[in-house]
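Model the placement of chain B on the given structure of chain A, informed by the hints.
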Amino acid sequence: MGSRLLPDAPSAPVMVRFENVGMHYGMGAEVLRDVSFTIEAGSFHFVTGPSGAGKSTLLRLMDLACRPSRGLITLFGRDVATLSRQELPRLRRRIGVVFQDFRLVDHLTALENVALPLRIAGAKPDQIRDHVAELLSWVGLADHLNAKPATLSGGQKQRVAIARAVISRPKLLLADEPTGNVDDTIAIRLLYLFEELHRIGTTVVIATHNEQLVGRFSHPRIRLESGESLVHVATPAATAG
Amino acid sequence: MTVRLKILPLDADESSRFLPWTIAFMTYLAALTLAGAMGLAVAMGRFDPEQTGNLTVEVPPVLAVEKNVPDQPSAGGDEAAQDTARVAAALQLLRATPGVIAAEALERSEVADLLEPWLGKAAQSADLPLPTIIDVTVEKGAEIDTGGLAAKLAATAPGTSLDDHGLWFARLTTFVNSVQVVAGLVVGLTCLAAVLTVVYVTLSGLAVHHDIIELLHLMGAEDRFIARQFQDHAMRLGLAGAVPGLLLAALTVELLGIAAGRVDSLLLPNIRLGVAQWAVLALVPLAAGAIAMLTARATVMRRLGRMI
Numbered sequence: 001m002g003s004r005l006l007p008d009a010p011s012a013p014v015m016v017r018f019e020n021v022g023m024h025y026g027m028g029a030e031v032l033r034d035v036s037f038t039i040e041a042g043s044f045h046f047v048t049g050p051s052g053a054g055k056s057t058l059l060r061l062m063d064l065a066c067r068p069s070r071g072l073i074t075l076f077g078r079d080v081a082t083l084s085r086q087e088l089p090r091l092r093r094r095i096g097v098v099f100q101d102f103r104l105v106d107h108l109t110a111l112e113n114v115a116l117p118l119r120i121a122g123a124k125p126d127q128i129r130d131h132v133a134e135l136l137s138w139v140g141l142a143d144h145l146n147a148k149p150a151t152l153s154g155g156q157k158q159r160v161a162i163a164r165a166v167i168s169r170p171k172l173l174l175a176d177e178p179t180g181n182v183d184d185t186i187a188i189r190l191l192y193l194f195e196e197l198h199r200i201g202t203t204v205v206i207a208t209h210n211e212q213l214v215g216r217f218s219h220p221r222i223r224l225e226s227g228e229s230l231v232h233v234a235t236p237a238a239t240a241g
Numbered sequence: 001m002t003v004r005l006k007i008l009p010l011d012a013d014e015s016s017r018f019l020p021w022t023i024a025f026m027t028y029l030a031a032l033t034l035a036g037a038m039g040l041a042v043a044m045g046r047f048d049p050e051q052t053g054n055l056t057v058e059v060p061p062v063l064a065v066e067k068n069v070p071d072q073p074s075a076g077g078d079e080a081a082q083d084t085a086r087v088a089a090a091l092q093l094l095r096a097t098p099g100v101i102a103a104e105a106l107e108r109s110e111v112a113d114l115l116e117p118w119l120g121k122a123a124q125s126a127d128l129p130l131p132t133i134i135d136v137t138v139e140k141g142a143e144i145d146t147g148g149l150a151a152k153l154a155a156t157a158p159g160t161s162l163d164d165h166g167l168w169f170a171r172l173t174t175f176v177n178s179v180q181v182v183a184g185l186v187v188g189l190t191c192l193a194a195v196l197t198v199v200y201v202t203l204s205g206l207a208v209h210h211d212i213i214e215l216l217h218l219m220g221a222e223d224r225f226i227a228r229q230f231q232d233h234a235m236r237l238g239l240a241g242a243v244p245g246l247l248l249a250a251l252t253v254e255l256l257g258i259a260a261g262r263v264d265s266l267l268l269p270n271i272r273l274g275v276a277q278w279a280v281l282a283l284v285p286l287a288a289g290a291i292a293m294l295t296a297r298a299t300v301m302r303r304l305g306r307m308i
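These protein sequence lines map, in sequence, to chains A and B. The numbering of the first sequence is this note's numbering, which starts it at 1 and goes up by one. The numbering of the second sequence is this note's numbering, which starts it at 1 and goes up by one.
Chain A on its own, in the form it takes in the complex (with noise of 0.2 Å):
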């Protein structure tokens, strides 16, 4: 049983909506059922839900790395079950993700490992540097551009791949346990880092099992049980100083 997250929200354009949609791996039982949601453009949501919710799952299906066993999914107002492969790449450069294991290229560096949407998008390799160096400074790792992740630590992998995340520009952002391998100091400030982002006009959507963590945010959330329904969780009140 789903239900409409913020139904009487103002008109914002839609840019995540899910209707009825299951999802199942392979001849498995379903990870999601019946979930159903709007996330409008500009927003911020954290997905929480237990491990084995289908917090992960929920995630692939709106970074495109999957399609839905059933049910409605539409991003950005097109329809994923109608996208061909080839409008799928337009599409996922809209996109950015921040994936729980960071998924860093292990023999670049820091940097290649941020340029790499520039590249893929086209960009002249003489404006990427000084853009990726620009915002490695950003996030604090100014003195790491040409650093392997084998040397790096667990928050600056996961500062590396925030900044691979939104280094171009996308319209929405999507974080999978972005804070799941950092101790709560550096997990604040990585969430003030997506609070950032957001008020450049980013759409946010973290999924996290830390409810702690969000509480100290007044951002709504989308709460999964074992994958079967969705909660309509009222926005709480603010406590993040």
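Be a bit skeptical, because a hint or two may be false.
Stretch by stretch, here's where chain B covers chain A in the computed footprint (C-beta under 8 Å, at least three residues) [stated by the list, open to error]:
| # | segment |
| --- | --- |
| 1 | 62–69 |
| 2 | 107–113 |
| 3 | 118–125 |
What follows is a list of derived Cβ distance ranges for each label pair [what the hints assert, rightly or not]:
| # | chain 1 | residue 1 | chain 2 | residue 2 | range |
| --- | --- | --- | --- | --- | --- |
| 4 | B | R262 | A | P125 | 30 to 40 Å |
| 5 | A | L83 | B | L5 | 24 to 34 Å |
| 6 | B | V182 | A | L83 | 51 to 61 Å |
| 7 | A | P125 | B | R17 | 27 to 37 Å |
| 8 | A | P50 | B | F25 | 56 to 66 Å |
| 9 | A | R90 | B | S204 | 51 to 61 Å |
| 10 | A | D130 | B | R224 | 21 to 31 Å |
| 11 | B | A259 | A | Q86 | 54 to 64 Å |
| 12 | A | R78 | B | M301 | 36 to 46 Å |
Note that these hints are calculated values from the structure, not bench results. For glycine and all other residues, C-beta sits at the position ideal for the given N, C-alpha and C.
For chain B alone, coordinates are given in the frame of chain A:
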């Protein structure tokens, strides 16, 4: 020129390490086969009567004619003078024939030299009755009735024969064409083996680097962006193998040429390659690189087309 970033660490793949060796061996075989086929074509070009425009007339000595024709009355007298007269008559007839540029009788010593590979020093014996060979040069494009001319020659100097090399050349052409078809098959099979090897290496690379490829897709990479990584890699390895493979083949061809040059040219015709043939061989590494590149690209595009 911008060096493309190697996003996929394909150089570290185990399967990639042997590709240059495989391509080198295949290039070596293909280049040798091509060189052989082209060398035969060159040699055949030298033999082509259409191109050389030569006829050969053989005037046997009177003694031989008498033995072969029992009813022929013995000429008696000075046989040498008769032989000279027969040759002179044949030369006169040939030189008077329209389309014939020149007709020259080979010296006895030259004929003996021709026979020496088979008869040894005995060919130089003055007692050995040798036919007189007349080398006839025909104007290019001239249509000579060889049948009629042969009949006239036989009437002028009985026992004289005319050889336009047609039958011999037709058989040689058939043989050379067969060899060239086989050579084409060998080159084709070599290319096919190279293609299959590149397909295997590429599929292996796709499997090994599946995670990075999926990541690139999720970042919005098009299939051709990923394919470029593989095709650059395959072309680099292809050239790295093909160039030394060709150099080795060229060395082999040269050594064989030198060895062939030491053998009597009458037994083994000179089949050294010309500039045009070497130019064709120089294209082999480029072709190998192109085949590797296109195969890798096609393999990646086909396989990625099945992914979401």
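Each hint, compared with the structure:
Note: the segment 62–69 of chain A has 5 residues with beta-carbon separation from chain B under 8 Å; the three-residue rule is met and the coverage holds. Note: the segment 107–113 of chain A has 3 residues with beta-carbon separation from chain B under 8 Å; the three-residue rule is met and the coverage holds. Three residues within the 8 Å Cβ limit are the bar, and the segment 118–125 of chain A against chain B gives 4, so the coverage statement holds. For B:R262 paired with A:P125, a C-beta distance near 58 Å fails the hint of 30 to 40 Å.
For the pair A:L83 and B:L5, the beta carbons lie near 28 Å from each other, so the given range of 24 to 34 Å is met. One distance hint, 51 to 61 Å for the beta-carbon pair B:V182 and A:L83, holds here, with the actual separation near 52 Å. A:P125 and B:R17 have their C-beta atoms about 29 Å apart, which keeps the hinted 27 to 37 Å range intact. Between A:P50 and B:F25 the C-beta distance comes to about 59 Å, which sits within the given range of 56 to 66 Å.
Restraint check, A:R90 to B:S204: a C-beta distance of roughly 30 Å breaks the suggested window 51 to 61 Å. For the pair A:D130 and B:R224, the beta carbons lie near 27 Å from each other, so the given range of 21 to 31 Å is met. At about 59 Å, the beta-carbon gap between B:A259 and A:Q86 stays in the expected band of 54 to 64 Å. Separation of A:R78 from B:M301 is about 24 Å and departs from the stated range, judged on CB atoms against 36 to 46 Å.
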